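Okay, here's what each chain looks like letter by letter:
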Amino acid sequence: MSLMEEIIAAVDEMPPFPQVVQRAMQVLAEPEYEVSGLVDILKVDQAVTANILKLCNSAYFGLPRKVSSLKEAVVYLGATQLRQLLLSGAASKIYEKPNEGYAVFADELWRHALATAVMAQVIRRHLRLEIDENMIFTAALLHDVGKVVLSAFVSDKYRVIENLVENGKRSFQEAEKEILGFDHAEIGGKIAEKWDFPPAIIAAIAFHHEPFRSPKEFRLLAELVALANNLVVMVGYGTGVDGLACRGHDLLLKKMKLEEKDLEKLVLLFQTEMEKTCDIAGVGSG
Amino acid sequence: MSLVTVGIADFKVSNNPEDTLVTYSLGSCIGLAVYDPEAKIGGMLHYMLPDSSINQEKAEKNPAMFANKGIPLLFKQCYKLGADKKRMIIKVAGGSQIMDAASTFNIGKRNYAILRKIFWKNNVMVDGEDIGGNCNRTMYMQIDDGRINLKISKKGMVEL
Ligand SMILES: [Fe+2]
Ligand SMILES: [Fe+2]
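Chains as they are written, first to last, in this note's numbering: chain D, 531 to 816; chain P, 5 to 164.
Everything labelled a hint here was simulated from the structure, so no lab data went into it.
Nothing here was measured: the structure is a model prediction, and the numbers come from that model.
Treat the hints with care, since some could be wrong.
To be verified - Stretches of chain P that chain D covers, calculated by requiring three or more beta carbons in the stretch to come under 8 angstroms of a beta carbon on chain D: (1) 27-36; (2) 43-57.
What the hints assert, rightly or not - In silico DSS-like cross-links for lysine-lysine, where the CA-CA straight-line distance does not exceed 27 angstroms: (3) K155/P - K699/D; (4) K791/D - K65/P; (5) K113/P - K795/D; (6) K159/P - K699/D; (7) K62/P - K791/D; (8) K113/P - K785/D; (9) K806/D - K73/P; (10) K584/D - K627/D; (11) K687/D - K155/P.
Backbone N, C-alpha and C define an ideal beta-carbon position, used for all residues, glycine too.
Work out the full structure: start from the sequences and follow the hints.
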């Protein structure tokens, strides 16, 4: 098998996206969903149920009494919170796999993904972009999912890739593509396709390093994820061996009319929001 | 030995020789480490942004987020423990940037420029620094001898 065939085989071996979460997401996407129907889907998965109750009873919400029924918790949290909780839960498991090819410290990929999702939301609000909040959250959270598959291959070829980055002025992603035949963005797109995600999310994942290559109708989402990723990498959130070897998209700044002070404000809003999110999710923000 | 984490937009000071202060994933942020070798008092700051004028309220709540608020605060807290300005050894790391980014993106550079300005005004000399580039850095400081180690992207440890 050629290297590229091996990589594609590894994509095929990627476990499916959790069914319970995917079905719940479909229900939650409807403007008027049936709570009891949703509860029926969720209660099958004990870990998911436990997580929902845990979040609902966390100090963050400060409820006067303990909520112990799933139905009550579902009603209380509402669609947006639930969706983010379900997606984060699923994504954190996916990114949890050992990724010696990229990570310097454990948990890095997951923290980076979560940070990018938070940053994307902050940019959307700041610029009042008209993109669906849930699309943004999903695309940003899963944008680097290709790294989970590519990790082992990057690890094998690390020296050559690193050499191209150090001496050949390539970004890490460009070097992946040159050495492995695929980069993690493309592979992420293939995974999202396999998982039957909507085309806009597939495109945003596949083109998060080259948003200008995204099909026009999905470009805004890809651009938003690209910019969020740029800023999160810049700050240094969960960057691994690739460090800051990621190309900045100056044109996006121009297009979105963002200047120095705007970026500083975005970083500030992001950090505040990230600390809150980490409190809720129970992960360290620093 | 106990590892004391300095979070993002955070600072810690210590006079416990058992402590090692550490701050992770410095990208465009700056890690500033100050140490009085005689009193064996050290402090570390991890700030994100150059100037607090963009948000006064945040500056009050979390001064460590900004160079202009965090740097004086770090020194003050070390003096409180008994450190002496004249003896302070000062080391700086971070201020990286993403690749071929326009200056708009370069918060790292602005973070470093303001530090130099503040130090110049206050007659403070920097004794060691590792700044810029496309790498991320983790910074460690041992309180017993003030030694600073950097872990740069995937490369091993280097002493600063
Ligand atoms: Fe990426
Ligand atoms: Fe990323």
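Status of the hints after comparison with the structure:
Coverage of a stretch by a chain is defined here by at least three residues with a beta carbon nearer than 8 angstroms to that chain's beta carbons; for the segment 27-36 of chain P and chain D the count is 7, and the condition holds. Counting residues of the segment 43-57 of chain P whose beta carbon lies closer than 8 angstroms to any beta carbon of chain D gives 5, which meets the minimum of three for the stated coverage. Between K155/P and K699/D the alpha-carbon distance is near 22 angstroms, which keeps this suggested pair within the 27 angstroms criterion. A distance of roughly 20 angstroms separates the Cα atoms of K791/D and K65/P; the hinted pair therefore holds under the 27 angstroms criterion.
For the suggested pair K113/P and K795/D, the alpha carbons sit about 16 angstroms apart, so the restraint of at most 27 angstroms is met. Using a Cα cut-off of 27 angstroms, the hinted pair K159/P and K699/D holds, with the two alpha carbons roughly 18 angstroms apart. A hinted pair counts as satisfied when its Cα atoms are at most 27 angstroms apart, and K62/P with K791/D qualifies at roughly 15 angstroms. Taking the CA atoms of K113/P and K785/D, the gap is near 23 angstroms; set against the 27 angstroms cutoff, the hint holds.
A distance of roughly 22 angstroms separates the Cα atoms of K806/D and K73/P; the hinted pair therefore holds under the 27 angstroms criterion. At most 27 angstroms may separate the alpha-carbon atoms for a hinted pair to count; K584/D and K627/D meet this at roughly 24 angstroms. The hinted pair formed by K687/D and K155/P meets the criterion: a straight-line CA distance of about 21 angstroms does not exceed 27 angstroms.
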